[in-house]
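Asks: Okay, here's what each chain looks like letter by letter:
Protein chains: 2
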Amino acid sequence: MAAKITPRGKDYSQWYIDIIMEAKLADYSPVKGCMVIRPRGYALWENIQQTLDKMFKDTGHSNAYFPLLIPESFIKKEAEHIEGFSPELAVVTVGGGEKLPEPLVIRPTSETIIWSMYKKWIQSYRDLPLLINQWANVLRWEKRTRLFLRTTEFLWQEGHTAHASQAEAHEETLKMLFVYKSFAEDFMAIPVLAGLKSESEKFAGALQTYAIEAMMQDGKALQAGTSHDLGQNFAKAFDVTFQDQAGALQHVWASSWGVSTRLIGALIMTHSDDKGLILPPKLAPEEVVIVPIFKNENKQQVLEYAHRLLKQLKTHYRIKIDDDEASSPGWKFAESEVQGIPVRIEIGPREVNENKLQLARRDTGEKLQINYSEAVDTIKKLLEDIQNNLFHRALMFRKENTHELTDYKEFKRIMEDKPGFVESGWCGSLECEAKIKEQTKATIRVIPLGREDDEPKKCIYCGNPGQYLAVFAKAY
Amino acid sequence: MAAKITPRGKDYSQWYIDIIMEAKLADYSPVKGCMVIRPRGYALWENIQQTLDKMFKDTGHSNAYFPLLIPESFIKKEAEHIEGFSPELAVVTVGGGEKLPEPLVIRPTSETIIWSMYKKWIQSYRDLPLLINQWANVLRWEKRTRLFLRTTEFLWQEGHTAHASQAEAHEETLKMLFVYKSFAEDFMAIPVLAGLKSESEKFAGALQTYAIEAMMQDGKALQAGTSHDLGQNFAKAFDVTFQDQAGALQHVWASSWGVSTRLIGALIMTHSDDKGLILPPKLAPEEVVIVPIFKNENKQQVLEYAHRLLKQLKTHYRIKIDDDEASSPGWKFAESEVQGIPVRIEIGPREVNENKLQLARRDTGEKLQINYSEAVDTIKKLLEDIQNNLFHRALMFRKENTHELTDYKEFKRIMEDKPGFVESGWCGSLECEAKIKEQTKATIRVIPLGREDDEPKKCIYCGNPGQYLAVFAKAY
Chain A
18 MAAKITPRGK
28 DYSQWYIDII
38 MEAKLADYSP
48 VKGCMVIRPR
58 GYALWENIQQ
68 TLDKMFKDTG
78 HSNAYFPLLI
88 PESFIKKEAE
98 HIEGFSPELA
108 VVTVGGGEKL
118 PEPLVIRPTS
128 ETIIWSMYKK
138 WIQSYRDLPL
148 LINQWANVLR
158 WEKRTRLFLR
168 TTEFLWQEGH
178 TAHASQAEAH
188 EETLKMLFVY
198 KSFAEDFMAI
208 PVLAGLKSES
218 EKFAGALQTY
228 AIEAMMQDGK
238 ALQAGTSHDL
248 GQNFAKAFDV
258 TFQDQAGALQ
268 HVWASSWGVS
278 TRLIGALIMT
288 HSDDKGLILP
298 PKLAPEEVVI
308 VPIFKNENKQ
318 QVLEYAHRLL
328 KQLKTHYRIK
338 IDDDEASSPG
348 WKFAESEVQG
358 IPVRIEIGPR
368 EVNENKLQLA
378 RRDTGEKLQI
388 NYSEAVDTIK
398 KLLEDIQNNL
408 FHRALMFRKE
418 NTHELTDYKE
428 FKRIMEDKPG
438 FVESGWCGSL
448 ECEAKIKEQT
458 KATIRVIPLG
468 REDDEPKKCI
478 YCGNPGQYLA
488 VFAKAY
Chain B
18 MAAKITPRGK
28 DYSQWYIDII
38 MEAKLADYSP
48 VKGCMVIRPR
58 GYALWENIQQ
68 TLDKMFKDTG
78 HSNAYFPLLI
88 PESFIKKEAE
98 HIEGFSPELA
108 VVTVGGGEKL
118 PEPLVIRPTS
128 ETIIWSMYKK
138 WIQSYRDLPL
148 LINQWANVLR
158 WEKRTRLFLR
168 TTEFLWQEGH
178 TAHASQAEAH
188 EETLKMLFVY
198 KSFAEDFMAI
208 PVLAGLKSES
218 EKFAGALQTY
228 AIEAMMQDGK
238 ALQAGTSHDL
248 GQNFAKAFDV
258 TFQDQAGALQ
268 HVWASSWGVS
278 TRLIGALIMT
288 HSDDKGLILP
298 PKLAPEEVVI
308 VPIFKNENKQ
318 QVLEYAHRLL
328 KQLKTHYRIK
338 IDDDEASSPG
348 WKFAESEVQG
358 IPVRIEIGPR
368 EVNENKLQLA
378 RRDTGEKLQI
388 NYSEAVDTIK
398 KLLEDIQNNL
408 FHRALMFRKE
418 NTHELTDYKE
428 FKRIMEDKPG
438 FVESGWCGSL
448 ECEAKIKEQT
458 KATIRVIPLG
468 REDDEPKKCI
478 YCGNPGQYLA
488 VFAKAY
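Line order of the protein sequences matches chains A and B. For what it's worth, the working numbering labels the leading residue of the first sequence as 18, then goes sequentially. For what it's worth, the working numbering labels the leading residue of the second sequence as 18, then goes sequentially.
No lab work stands behind these hints, which were simulated from the structure alone. None of the values given here were measured: they were computed from a predicted structure. Hints are supplied without guarantee of correctness; some may be wrong.
No copy is singled out in the list; a pair is fine if it fits within one copy or between any two copies.
As a list, the in silico DMTMM-like pairs of lysine to aspartate or glutamate whose alpha-carbon atoms are at most 25 angstroms apart [unchecked claim]: (1) Lys384 x Glu321; (2) Lys192 x Asp434; (3) Lys74 x Asp256; (4) Lys136 x Glu39; (5) Lys475 x Asp35; (6) Lys237 x Glu321; (7) Lys27 x Glu185; (8) Lys491 x Glu440; (9) Lys416 x Glu100; (10) Lys398 x Glu342.
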């Protein structure tokens with residue numbers, strides 16, 4: 018009867034899968050590595066989409082749509098790009114019953130097809146900046162997959178911008194990184210570190226990759242969004258030039274940036290507990306659920322009261338009522354907890370008689386009794402409180418599990434015993450980075466922005482003078 | 018300088034392509050048969066999506082997402098389905114550098130993958146109805162393509178519903194047909210005929226296909242949406258059963274229904290003229306454009322006045338200002354006409370001095386001068402007028418080009434000279450239908466709903482007693 022969710026403490030990975038299954042967010046599909054996003058999971062994605070889409074439009078971007086299929090030769094035009102993506106490609110070799118003259122790959126990302134079009138659309142500085150975003154499915158052949166976090170096909174948005182100068186492209190790269198950071202923190206209630214990726218972790222084809230990184234409840238990092246300064250790499254690969262104001266021909270400067278359905282995995286793993294999902298009110302498909310509790314003799318009275326409340330709250334909140342007579346109140350309470358609905362209103366004969374409501378918060382389990390007339394205002398405040406509490410709870414957790422270290426033995430011990438974020442000096446060599454990864458499975462998540470003035474510490478691995486402050490963690 | 022649009026009278030097909038290119042709605046892609054939807058075209062699609070999505074949700078549907086790739090064996094499970102779709106499939110044979118054990122096809126439509134999941138989700142009558150919609154890209158290998166109307170990849174929505182009885186599935190099929198009809202008429206301002214398809218035109222795998230059909234300005238029909246009663250065909254192919262209230266196992270009953278980016282083609286071809294696009298206000302990305310007209314000596318004054326108006330109208334309308342100083346007012350007027358913006362506000366020094374505004378409607382070209390203070394109310398009324406006028410203009414055109422005929426010679430003459438819709442009796446035989454198609458290129462578009470009580474006329478081809486009233490036309 019109650020949902021079967023493995024406790025986090027027992028098996029964190031199984032807990033994650035159980036939540037997805039019990040909350041009906043997604044399901045395995047018959048195609049290996051691909052998932053089905055069920056209505057309750059897709060409703061979350063729609064809320065993420067709508068919020069981000071508005072943020073993109075408010076920063077001057079327009080949506081467009083480019084083809085799913087890309088000629089194989091295009092992918093090969095940018096040397097690093099093909100090296101990075103070729104092991105992950107799905108290839109169409111037959112169309113309309115005939116072998117294709119050139120194989121077509123399903124987009125793993127769309128830089129190449131988009132820059133082949135930008136060549137047609139950009140001639141002069143007057144055509145710049147070109148600020149386009151696409152909501153689309155992409156496909157990367159993955160060996161090991163996990164629902165939402167890493168699937169062969171996933172949904173995402175990819176912004177692709179073209180600029181007249183390096184400075185402008187770089188500014189855009191950072192602007193969108195901070196759009197992602199705001200979205201993660203203000204809507205998903207997930208604190209994130211924003212920073213630069215090391216060379217070994219950057220996007221195949223970028224000059225620089227920036228990312229936001231979140232800490233999951235098992236102390237592992239999850240990359241939640243990336244923004245790339247592409248320099249002139251794709252403009253050169255596709256020969257996209259513009260006439261500048263002085264009349265000279267230059268290659269165009271570019272950025273690209275994306276977030277995906279992986280964000281839903283981040284949401285689950287940041288906030289939820291052993292009872293089920295916990296969702297930030299701003300993104301929850303329903304903010305409130307009403308559960309009427311009645312027996313035959315008071316059924317009409319309780320239902321009338323509950324529906325009167327529903328009608329009144331409907332204009333203020335995303336709300337539903339669970340008045341199915343085939344299930345017990347206890348089952349409905351558990352179900353609302355599995356689904357992560359932020360506020361539950363319980364209405365029994367006593368509440369009706371006293372003109373009261375019983376509220377339960379999903380995040381803390383706290384209950385409070387209020388007068389019917391206070392409903393609208395109290396719920397507003399409660400939803401704000403829950404949103405803030407989730408963010409601060411996650412922030413506290415990250416603080417508790419972030420360690421500033423100079424000793425590599427301590428570093429190894431932490432990564433083994435109770436992984437978290439480690440801030441250390443790094444000399445900047447690929448070798449030290451690789452050794453650390455080999456020995457601890459921890460990688461450099463970011464070189465955090467805003468910490469450039471910190472005194473550089475010596476490299477945690479080799480002890481040579483540090484070039485960077487780096488944040489290390491095991492990662493999804 | 019002005020847009021290069023071939024007049025409709027000269028070359029209708031070229032006129033259509035010119036409008037798409039000049040209004041920057043779409044572009045050809047490097048992949049044969051696939052198109053790029055540019056920001057102005059995509060903005061139209063977003064408005065279509067948002068409106069329809071709300072209508073789907075208001076009728077109880079939820080969105081979900083199913084995989085792009087379908088095992089080839091699934092497509093073969095429903096006999097008619099594979100016969101209909103096999104010539105159009107794109108096949109992935111290589112993934113992650115290796116030949117796949119079973120080829121995967123890119124979805125041409127998702128009945129098979131969805132019903133394979135419904136098998137997991139449906140056990141009891143309590144799981145029904147299941148009302149799911151998906152917004153997705155699909156791919157059908159087409160030999161001859163035309164931007165928006167027929168492309169290898171296109172964007173669409175596909176509803177897939179599961180029901181406990183034949184009657185309920187049929188009711189859903191018709192309900193969604195009429196949702197499409199309302200959307201076409203009330204938002205796109207396109208009058209449509211709703212009716213049943215003949216056997217030869219129905220969806221591969223359906224019991225019955227219903228469609229809405231619109232008349233384009235060249236008198237040809239365009240199928241703008243379809244709704245299928247699938248009976249138990251897919252439930253049987255995927256063995257999807259449920260326990261009914263009496264405890265007996267039954268196969269589930271189904272419907273599916275879809276509209277696509279083809280609707281944008283219908284919009285263009287129904288309303289536009291030789292100057293460019295004409296868009297119904299309810300779906301236009303911008304309802305209003307302000308064009309300030311100034312010389313150096315009155316620039317500041319005119320721009321201030323125009324921006325004051327912009328600020329005031331912004332809260333009421335989707336509006337933009339074209340105050341680029343590098344282009345002339347004449348060029349901007351032409352541009353706003355190419356883009357199909359319903360209302361243009363022209364502001365010169367005279368308007369500023371007299372506290373007036375000059376309005377121009379895109380649909381009739383009519384101009385009117387109003388007081389500044391009347392702007393909000395007048396524009397509201399004007400937009401409603403334009404929306405209504407477009408619908409009635411299209412309805413009049415359809416009436417003028419619809420012929421009730423009993424004489425096959427006359428039928429042939431019309432299809433040759435000036436195609437339109439022909440209402441005739443039909444005996445119901447595949448043979449007569451095929452002969453008519455062969456001789457005139459006209460097909461049965463629909464057996465219209467709501468005309469069942471009309472006295473059946475004799476078959477237009479064979480002269481035998483008519484079974485149906487059928488609407489014939491040449492079609493896109």
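Asks: Run every hint past the structure and note whether it holds.
Replies: These are the hints, each one checked on the structure:
1. Lys384 x Glu321: Close inside one copy (23 angstroms), not across copies (56 angstroms); limit 25 angstroms.
2. Lys192 x Asp434: Intra 37 angstroms, inter 59 angstroms, cutoff 25 angstroms: neither.
3. Lys74 x Asp256: Classified as neither: same-chain Cα gap 28 angstroms, cross-chain 46 angstroms, threshold 25 angstroms.
4. Lys136 x Glu39: between (48 angstroms within a copy, 17 angstroms between copies)
5. Lys475 x Asp35: neither (43 angstroms within a copy, 64 angstroms between copies)
6. Lys237 x Glu321: neither (48 angstroms within a copy, 55 angstroms between copies)
7. Lys27 x Glu185: neither (49 angstroms within a copy, 46 angstroms between copies)
8. Lys491 x Glu440: Cα proximity of Lys491 and Glu440: one copy only (13 angstroms, versus 70 angstroms across).
9. Lys416 x Glu100: For Lys416 and Glu100, the Cα distance exceeds 25 angstroms both inside one copy (37 angstroms) and across copies (61 angstroms).
10. Lys398 x Glu342: neither (31 angstroms within a copy, 49 angstroms between copies)
The structure does not agree with the numbered hints 2, 3, 5, 6, 7, 9, 10 stated previously, though it agrees with the rest.
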